[in-house]
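K.L.:
As given, the protein sequences belong to chains A and U, one line each in that order. Per my numbering: the first sequence ends with 408, consecutive numbering throughout. Per my numbering: the second sequence ends with 672, consecutive numbering throughout.
Just so you know, the hints here were simulated from the structure itself, not pulled from any lab data. For each residue, glycine too, the CB sits at the ideal point set by N, CA and C.
Covered by chain A, according to a simulated footprint, are these stretches of chain U (three or more residues, beta-carbon under 8 Å):
| id | segment |
| --- | --- |
| 1 | 504-514 |
| 2 | 517-529 |
Chain A residues, not near chain U, derived (Cβ > 12 Å throughout):
| id | residue |
| --- | --- |
| 3 | Asp127 |
| 4 | Asp135 |
| 5 | Val140 |
| 6 | Gly170 |
| 7 | Ser248 |
| 8 | Leu277 |
| 9 | Thr294 |
| 10 | Thr327 |
| 11 | Glu332 |
| 12 | Ala353 |
| 13 | Asp358 |
| 14 | Thr382 |
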Amino acid sequence: MGVVPVPVVTVGVVGDVGVVNPVGVVGVVTAVGVDGVDASVMSDDSDEQPAATASDAAATASAMARRRAAWAGIGGSSVSGGIPLHLPRRRDRARPPIPGICEGGPVPASPAPPALRLDGVHKSFGDVHAVAGLDLEVPVGTCVGLLGPNGAGKSTTVKLLTAQCIPDSGTIDVLGLPLPGQSKSARALMGVVPQLDNLDTTLTVRQNLVVFAHLYRVPRHERRAAVDRALEIALLTDRADAKVTALSGGMRRRLLIARALLHGPRLVLMDEPTVGLDPQVRQEIWALIDALRTQGTSILMSTHYIEEAARLCDTVVIVAHGTAVATGAPAELVREHAGEMALEVYGPPDALARAEADAQAAGVRTRRTGTSVSLLRLDAATGPLPDGEHRPANLEDVFVLLTGEEIG
Amino acid sequence: MSVPAPRRRLHRLEGAAIAGVLVREIINFSSYWRSVTFSSTVEPTIYLLAFGFGFGSLVAKVGGLDYVEYVGTGTVGTAVLFASAFSAMFGTFVKREYQRTYDGILAAPVDTEELVTAEVIWIALRAGVYGTVPLLVAMAFGLDPSWGMLAVPLIGVLTGFGWASFGTLVAALMKSIDSFSYITSIVITPVMLVAGTFFPLDGLPRWAQIAGQLNPLYHCVQLVRHAAFGWEPGPDLAHVGVLAAFGFVMWRLAVWRSEKRLIT
Chain A
1 MGVVPVPVVT VGVVGDVGVV NPVGVVGVVT AVGVDGVDAS VMSDDSDEQP
51 AATASDAAAT ASAMARRRAA WAGIGGSSVS GGIPLHLPRR RDRARPPIPG
101 ICEGGPVPAS PAPPALRLDG VHKSFGDVHA VAGLDLEVPV GTCVGLLGPN
151 GAGKSTTVKL LTAQCIPDSG TIDVLGLPLP GQSKSARALM GVVPQLDNLD
201 TTLTVRQNLV VFAHLYRVPR HERRAAVDRA LEIALLTDRA DAKVTALSGG
251 MRRRLLIARA LLHGPRLVLM DEPTVGLDPQ VRQEIWALID ALRTQGTSIL
301 MSTHYIEEAA RLCDTVVIVA HGTAVATGAP AELVREHAGE MALEVYGPPD
351 ALARAEADAQ AAGVRTRRTG TSVSLLRLDA ATGPLPDGEH RPANLEDVFV
401 LLTGEEIG
Chain U
409 MSVPAPRRRL HRLEGAAIAG VLVREIINFS SYWRSVTFSS TVEPTIYLLA
459 FGFGFGSLVA KVGGLDYVEY VGTGTVGTAV LFASAFSAMF GTFVKREYQR
509 TYDGILAAPV DTEELVTAEV IWIALRAGVY GTVPLLVAMA FGLDPSWGML
559 AVPLIGVLTG FGWASFGTLV AALMKSIDSF SYITSIVITP VMLVAGTFFP
609 LDGLPRWAQI AGQLNPLYHC VQLVRHAAFG WEPGPDLAHV GVLAAFGFVM
659 WRLAVWRSEK RLIT
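With the rest of the complex left out, here is chain U (with noise of 0.2 Å):
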């Protein structure tokens, strides 16, 4: 049986290193994937139901879209956000405290900068398959499909980076799984409120409207509604960089704050 590489220097981020990693979550992914598909898809289900539906009788247009319109492509962005920060926090927190997944894989030949990396792109891989689901029960509720919407998994993905390094960073922080809740009050929801899914931002007083703009969740759902109904290519353009950078900064936060809570 051959020894892999004897001698030779290993560096940062190798891919050999983030395809372990990611062979790791690929394989488990397969003991769970049914239950996690198939609650992805009915949920959206009910929610679009209930509130297109039940809003729509009442609200007819907003921003000249059908309500179930509004809120099917909306609620990608939420769906995004959930399936990878809380992913990220709940599921890194355990892997790193409880399973001890972290210590076995830091045993091997990964570092932390790759073994935070693979989990966030893992992570955020699959918020963009998620994260289309509730554009596909919109279509069968009346949303017009069209070519752009090919894009939504991608923004789903960038999206998904930035919001899964966030959570990787909390659980980093935090020292008990019980102050997650604090996250979710103070940032996750009015994240998810003040992003333009359920009701546009014009409505909102000036300071929630700058706070909506510096929101990474708006730009994600206001790209998913350009690609939906069509590009607007000089603001989408910003809104893709906004994503991009949040995403760097998250990462590099989550890489630096991950190696200070796992190497003692």
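With the rest of the complex left out, here is chain A (with noise of 0.2 Å):
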């Protein structure tokens, strides 16, 4: 760039970093915008989590029974009883079955619409079709999953439902309103857990709450104390004052589903929500979601991690190449196109060709791992089977089944 030596009077910020050129000359100010960025915030590096702290650990459960005060401001409901740090899979519970989607034959359809719907959505960037045909219905009060490997269209998605992403066809319905039309009516009543972190990173735990209790138009008399539990749900409370730069990962997560929160939404919408997370933040993560789930609010969940899709989610949406392949609760999914058990055969790679043929011939359907070959719909075999190990047969088999992709 020509350098012109003439004197300036150079005041900018850069993001939300305050940065001057400290030179006043006009060819250096690109240089000095870049470099006056926090560093952090320059690179993508959104899954790479500070170990999380002692005290996020130690916290956790002294303030569980804060968290379920807490609940009870959101969304109207209180939750009775604790909530676990580990869930039992959603197979294990009692749950009712989901109308017109889930096992028990005929279900008579609820009166209410649902939370959302999307009928033969489109939408392609170019040659890619991100999504290709999507049908997608999350009743009310229930936790819908998209599970899916990266590129199956599950972000693109969850942008088509804020109007962030506008569909080339197809409708969309959210909370009765219509996208993209009634958009910014409809994000006001629903909430959004991004993929990506994007927390406010020079601000406190407090402010960043208190900028989108703004932006959610939550009434002033009620944002102090919307902004209070939502710092509770998060288990925050002691960390209000504290840069975001100073939390762990699992913390930043935290406050990023709490700032969903701030306004009582009707519908949350969460994209891998646990994604870069280690397993026990991720048990917190889940609690969490599984707490705002039992008090009533709709959720639909992106994930591409099978235990999160079978623990947390009402009804599984297995999602490839933009289109959605099956839809049921996760045990029916499991039962329907994997059987009830698995016939795990190790060997070597030559006996495992030969086991794998054997099964195909017997009308066994197989599943090829790196060291194993899994066998499926054993209950469909019309001959002798190689021997194994039995296991349960578990949603990440169908997933391969339908999709032909390995996931997680």
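Make one complex out of these two single chains by using the hints.
P.N.:
Below, the structure is given as structure tokens:
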């Protein structure tokens, strides 16, 4: 760039970091602008999580009771009983079937419109068909999981629901409001937990919440209480005045979730809510999501974690290449597509190949992993099967069978 | 807890949405205002010392004004230009691409038009305040204060609105922050030089004088000088009109391109 040695007075702000051109020469302004940015925001490192601190873990147990009380302020209903950190698997719980989707044969359709509905939605970016004829429905008060590998169209679907993407064709209704025409009204009624951390890093925890209390138009007289409740939900009351940069990855994720709940949304969209978190922190987030679902908030959650979908979701929609390939309750999907039990055959590669061929000849579906072959739908076998270890079939088996892709 | 406006259809350019974005900016500003304010004060002091007394010793009067007075009022326009255009270019680009701030805001009940408008208003307000600093520094070196100078922040805000919109437009057009170098060289530098800031346009070639007349910053500088040394109602109304038209056109272009960039 040509440098013009002319005196100038330059006052600039890059991002939210105050930057002043220290030399006042036009030709160097660009470099100053880049250098002035907090390095943490210049790199796409949202998945990189600081180690959870001991206080983070210790605070969890002691603050659960406070969080239960805080939940009472979100959505207008209270949570009875404790919030388990280690959740039972979804299929072990006594849950009512979901009308129109779940097991138990035909169920009368619910008179209430769904929290959201997509009909035949297409969205392409150039030659890439990110969403290809997606049909999706989230009944009120349920948690629906979009399960798919990276690139399956999950995040695009979430963006379609916030009108940050406009569909090429198809219809979208959110809380009875057609999108994108009434997207702003719909966004006022829902909360969004993004996949990528977009917290204001120069602000404190409380300031981040205050900002979104304004953006979500929480009435002035309720704003302080709403922020305090969100702090309790996030278990961050003690860290309210800490800068976001001082938080661990788990704390930041909890703050993102609490931020989405500030205004008591009727629908919450969560885009990969636990991606990049360690197992302990993931369980914390699961407890938080489960408590939210329990108190009646409708949730659409995208994930590529099998266990997450199996534990949290009433309904799982398996997506691949932008379309839904199967929909149902996790246990039902497993029973329908993989059977009750699977047979795991181990051995050297040539033995595995033989076992796979024999099983297929016997009418059994197979799934090849690195060190074994999984035999599924054993009830359909018409011939002898090789020796192996029996194990319960799982959602991962279903996913691989239906999409041909490994996940996780 | 109440749920806001359950079925009310929200409209364009709502005050609540703009206020929400402004609140975010104001709270953020609390974390960096010291460094910006310090530099905005020290820099003009250095430039006025260097050029006011440096060139001032060679050039006694320009346009009937002491050179310090001439530069002191002229650099108001430059300060506004840089405080608005660069803040908008780099700030909005970083918030969009790196901080992902706009993803969060647009997931709330805020539209792109409201987001851009609020950002531009905030940058313009700040530019209006920081634009007065060269004037204050010039006063310390001999510029006589006048009542008309009270209008300088308003002139700065009006000018800053246009240049902040321009910066937002540039940020929405560019895919890489490195590309801003082209804009700096091709647009910002000529605009700054051909604005009557450091020397009058009279001595320039005819085509440069015409270009100067089309330069919004020239109209800002003229307004500031007239505010400081005496209004000229007719021409000043025209200057205001040019700045207002520039601001409106740039604002609409910024909204249009930002929507293209943010809503896919």
